[in-house]
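Colleague: As you go down the protein sequences, you meet chains U and S in turn. Quick note: the first sequence uses the working numbering, first residue 1, plus one each step. Quick note: the second sequence uses the working numbering, first residue 1001, plus one each step.
A couple of the hints might just be wrong.
[As the list claims (entries may be wrong)] Distance ranges between label pairs, derived from CB positions:
hint	chain 1	residue 1	chain 2	residue 2	range
1	S	A1559	U	V73	52 to 62 angstroms
2	U	R62	S	V1601	32 to 42 angstroms
3	U	I87	S	V1601	22 to 32 angstroms
4	S	I1583	U	V73	24 to 34 angstroms
5	S	G1570	U	R62	54 to 64 angstroms
6	S	V1566	U	I88	40 to 50 angstroms
7	S	I1583	U	V91	19 to 29 angstroms
No lab work stands behind these hints: they were computed from the structure. On a predicted model such as this, the values are computed, not experimentally measured, just so you know. Note that beta-carbon positions come from the ideal geometry of N, C-alpha and C, so glycine has one too.
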Amino acid sequence: MPANPLNSPVPLNWYLILSAILFALGVAGFIFRRNIITVFMSIELMLNAVNLSFIAFSYQFRQVDGHIYSFFVMVVAAAEAAVGLAIILTVFKNRATLMIDEVNSMKY
Amino acid sequence: MALWLIPLLPLLGFLVNGLFGRRFPKALVNVFAVGSVALSFAWVVKTLLGLGSLETKYIEHYYTWIQSGMLNIGVDFAVDRLTAIMLMIVTGVGLLIHIYSVGYMEHEGGYYRFFAYLNLFMFFMLVLVLAQNYLLLFVGWEGVGLCSYLLIGFYLTEQFATNAGNKAFIVNRIGDFGFSLAVFLIVRQFGSLDFNKVFDAARGMPVEAGAGILTTITLLLLVGATGKSAQIPLYVWLPDAMAGPTPVSALIHAATMVTAGVYMTARSAALFTKAPITMDTVAVIGLATAFFAATIGLAQTDIKKVFAYSTVSQLGYMFLGVGVGAFSAGIWHLMTHAFFKALLFLGAGAVIHGLHGEQDLRQMGGLWKYMKITGATLFCASLAISGFPFTSGFFSKDAILVAAYARAPWMYWVGVLTAGMTAFYVFRAWFLAFTGEYRGHAHPHESPLVMTGPLMILALLSLGGGFINVPHILEGMFTEGVENQGLAWFSAAVGLLGIFLAWLFYVAKRGLADSFAKSVGGLYNLVLNKYFVDEVYEAAVVEPLVEGSRTVLWRGIDAGLIDGIVNGVGKRSRTAGAVLRLIQSGNIRSYAAWVVLGSIVVLVAIGFYGGLR
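Given these sequences and hints, build the entire structure.
Modeller: Structural data, given as structure tokens:
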């Protein structure tokens, strides 16, 4: 018998606040960091922040949907990591840099 | 009875020769081209024998072509006696001309192309005469126009030939415009295009109620007929159409296609007889065309032009015939004319062929010595068209003239005068070509049997074709014409007078023609220049149209308005794009900033409108 969420020691709000903080950190890293790998990790951070709120809601409402969604997100994140890391590797091979501002030849 | 096989065979010939003929040897092209028409002719004969006396119309329905509301248009072929006659003329004369073309076109380029077009023409012409409704007839009607255009412009490297083709096509468009309006009106009035339904409905209409609409419909049909059958005011394309190879002139511009207007009028007799005003218009147009074209024919020096104006003139006779209500006489003349005019053109072609392309009568003369068969057969045709007693022209032309006399005597007198002129100019051409001394520089020779054979058959038909009593055959469809032996003999006598005058002017006293031409100089010039009709049309219609198209339609509307809109849109897009593309900086962190900014805007907007629900 699962615990009654109303009696849970950690209220839903706390999960959501944590999720928001993690997401904001991700956004900040995404915008302000200049190393591609750090930017990449920031994206992962945002994805997992969202996962956290999915799981929290899922637990709160006793519904499995949120779990499924978070699995989807994890699959996408894994795929993205594979492709993204490959791209980063190639960029580094060709340009000998990981500074995001120096990779800007794709423009008008 | 598989009527569909009749037009389908030439269509197959067209497809085979048109698609693969380039690689075929000439003999194989001949097999498909002539063979398909021969089979078609044989099938016509077999069908007609099988159908017997055709007391009633025999109809075959294949499928429904257009079904819209109450309107139901099918692909139906039908044979009645009128169609039977037309089928025999088209396939019979067509076959002879195909055979003749084998000899005539032997040394020409584009051999397979010529026969492919000729077969395509046969297909459309047969669709035209077999059609059981106005729309299908119109398909054939337009198709023969297309083939006419293709064949007039057959020598496509020659500017004058392509111009003549364009002229024929465009002038015919004017006529077809009238025809299509007539078809629309018929749909609106009768709710059907099927001949039987339309004619039954028209017969049942009371005179007062029907007069207005039927007159409008028939006048519009007449516009179409004047275009296709080269009547005033749209006859100008036919003389120019002689730019095509001579067998084409014989088949399309003498024997078959140009008679489509007469056929259509006779087919629509039920409508025309209910519209007396149109009937008078038809008769007057026919008579005027017959007369004026004959006067022009008097002075032409190009042998094909003489016969071209003669064709216009004879078509005028047919219109006179149908206009005075003698539909069967008109069809009779259509048939005999197909024989002798095809012969005249094919004979002229043999002469041109024998002289290596010379068409000017002034460069001929004394050809009798060199080409006896051609001369003799042409002589037969000339006798027939002059209405020499007991030749084919004698019967049919006099049937028309007698009917005209019954309608209004003055029409008869003008017609007789025209008959005299016809005899004169045809024999003028014959005497100029075949008697006297040879004036040209080529080496005349007789044509091969493949050309003279059809000539001889047509000569027999020209002499004896009048004994095929068409009015008797068509008795059930049209009221039979009146008979008047005295008038018939009188017009024949006028024809003989014309022949005699031609002999006097061009054989007995050679100088007489020139001195006569000088004594009526102004009139002669007027006739020689075809009454300047081409020049008047050029100034009154063509020039304003071309100028208007150039300044208003081209420079104004097309280059100004339409190009302006299109180019303007493009230009504005480029200006906007020049600014917007700066967003695409290549800097990843700026993209990131845009994404965040966008998300914030979306979130704010959602919050502003009360959140997601």
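Colleague: Next, verify each hint and record whether it holds.
Modeller: Cross-check of the supplied hints:
In this structure the hint that A1559 (chain S) and V73 (chain U) lie 52 to 62 angstroms apart at CB holds, the actual value being about 58 angstroms. A hinted range of 32 to 42 angstroms for the beta carbons of R62 (chain U) and V1601 (chain S) is consistent with their spacing of about 35 angstroms. For the pair I87 (chain U) and V1601 (chain S), the supplied restraint of 22 to 32 angstroms holds, since their beta-carbon distance comes to about 29 angstroms. Range check, I1583 (chain S) to V73 (chain U): Cβ separation about 29 angstroms, and the 24 to 34 angstroms hint holds.
Between G1570 (chain S) and R62 (chain U) the Cβ separation comes to about 59 angstroms, which falls inside the hinted range of 54 to 64 angstroms. Between V1566 (chain S) and I88 (chain U), the C-beta spacing of about 46 angstroms keeps the proposed range 40 to 50 angstroms intact. For the hinted restraint 19 to 29 angstroms between I1583 (chain S) and V91 (chain U), the CB-CB distance of approximately 23 angstroms keeps it satisfied.
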